[in-house]
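Student: Residues in the sequence shown are numbered consecutively from 21, following our numbering.
Just so you know, the hints here were simulated from the structure itself, not pulled from any lab data. One should not assume that every hint holds.
[To be verified] Computed list of lysine to any residue pairs in SDA-like fashion (alpha-carbon distance at most 20 Å, straight line): (1) K386 x N446; (2) K516 x F598; (3) K532 x S520; (4) K301 x K386; (5) K82 x S58; (6) K115 x P51; (7) K516 x R495; (8) K744 x Q102; (9) K396 x N446; (10) K534 x R495; (11) K517 x K534; (12) K396 x E459; (13) K700 x D616; (14) K536 x D579.
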Amino acid sequence: MQLLKSTCFFITLLLTVLQLKATAPPVELTPGMVITSSLQVKKAIYRINGFDSLSRPVILIKGDNITVDFNNALLQGSNDKQLPNAFYGLAILIKGNNITLKNARISGFKVAVMAEGCKNLTIENSDFSYNYRQQLQSNWLHEDVSDWMSYHHNENDEWLRYGAGIYLKDCNRSTIRNNTITGGQCALMMMRSNDGEITDNDFSFNSAIGIGMYRSSRNHILHNKLDFNVRGYSHGFYHRGQDSAGLLVFEQCNDNVFAYNSVTHGGDGFFLWAGQTTMDKGEGGCNDNYIYKNDFSYAPTNGVEVTFSKNNILENIIKECDHGIWGGYSWNTSIYGNLFYKNRIGIAIEHGQHNNISGNTFDSNKQAAIKIWARKSQPADWGYAKKRNTKSMNYNFWQNRFKNENTALDITLTTGIVLYENRYENTRTEIKKDSSVEELVINPARVSDTAGIIPAIIETWQKKDIPSLGFAGGRSQMRITEWGPYDYRYPILFLKKIDSNQVYHFDVLGPKGKWKIKNSKDIQHITLNAGTFPAGITAQKKGVDVQIELEYTGVAFTDQFGKKQPAGKPYTFSFRDFQPNINWNVNWYSWDTTHDPNKNYEQFKTVYNNRPVRSEQANKIDYTWWGAIGKNLPADSFAIVATGMLEVEKGLYQFHVTADDLVKVFVDDRLIIDFWELSKYKYDEDTHHTATLQLNGKHTIRIEQVENSGYATLIFKLIPLKNKL
């Protein structure tokens, strides 16, 4: 009886404790807070700046078996900054097992949530939008190399320089579901994180990556919206993508399943690379991944890129990309049941081996449906080519349907090809080949199927559809601003082009409402002064400082920085293009090892006393070379000295220069930008440099640039920070 009484007492006590916990008042967030037990956050807006190190979070969640319900509270960081490229700090760090974070809203940080060494982590129903992103330097006419992404190493978390909505590090069996991340640079980044379930998230309209994976395997990426993760695109001018992607799979990621995702309008839709380990040793890869029933349409570059690996690409939609699939050095890969429509090339594979391309539909691809080829030699610095056979060989092309194609199959330097029961409708050339193609067999009596097997998770997954895009697709819908892809949520005056008569062509886009032009400067002959969205207007340039200011009234919306704008309240948006008259004298000089600029600047600059190898007058500094600077002129070991006179109104101005490799900028003989140490040049973004200066009247600008070897560029622009309408 006593034992029964004691048991009842402890049960009553436990229930009381649980009830107290359940009815505990919500907790307010404070900087430096450490959460070690379950709680609900008091709903409020918490304006708390992050710390200057990502190793020191605003909030630490640490322990086991913890649920933190943010109750839709907003944690807002970087309250002392205006622009997202200046955002800093880590909002939440999670360490432990069986932890759930839900209903959180976090913006204004370099990284919203980081988790380290967690098992069974759940992050759900949260919004980590409008955190860090770079200010892009590319414009409508040309791209800037400093905007290119670079992922080649992340053993020491090098990817953190790009920020993230969620950054998982050594986390296994994570569940990431029903979250939103938009208006940032990278949404979800996974490092050495395995066996996760990433489902039903919306990671769209970011300027680089929707989901990125590094050494992460056996994850299920299902039914997510990963649209418009893109940069490096200007419709009708260039379409490089700059290594942005809806899905990035990088360095030894194996046995993952990617199914029923909408991954449209990404720089690449799906970007898989085996990694530096494979390139150096010839081993491993990103292997045995299933890419099943996704939409990878409208990529500026590749709908799917899979290289130096073996994978299964099954029943996807791939429309209007440059390459539908780029599969360089793919081996034992199955490409089955996909739709390739209006790409430049449907499938392009160099040096592939033992690949099965069967059951696909190709329709109206511009250059070729399938292009298979090899080069006669391999790069001398590739360990991969030294340790692996890289011949192009052993392909099965079975039961594909080719419609409205110029060329169905374009094959060069390849051995061992079987064509079986392919159908050709309105196709000009069925097979294009030369004498380098050997052992081609058409319709043999007997074949054996090598198509991929569907993994079990796809059979058990209930949502067997691709999330709806929600508006019209097409590459013309990608409009890249200095902060990333335009998301159609706020009013914008978007410059499409400036024609040869200096007429500006604009799209006026936005939510439901009306707009009108309030003010303008240095333009004339505006074709439309008011209207609704969408609209198109043109205006003739008549001065160096083109400005147009518009006013919107209409429904409530969220602007490009995540700020809520109420309905009915007038909202001002604008465009500015400042092109001051600068007559540049540009001289090129060769240098040798005795005048090495990387060792002794004072000794090097004596080469400026020599006769230039090239000289010209220019009205702008905008140079890019992939090789020699001119006929019979150097490609490497040259320097540029550009000098120009400038006259401007009094005000604050920002100098921008992108230079590969070294650069100095002087204003009135005052050094304002000094990047003359090659060891500091690690990434493409390191090529861009800025300085802010007060100017008034006439000034002399002098730019000195040095090229060591390889790619070279020099781009200069001046931006007024004040003197607006």
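Student: Please write out, lowest number first, the hints stated earlier that are contradicted by the structure.
Tutor: Going through the list in order, the structure violates hints 3, 4, 9, 10 and 11 and respects the others.
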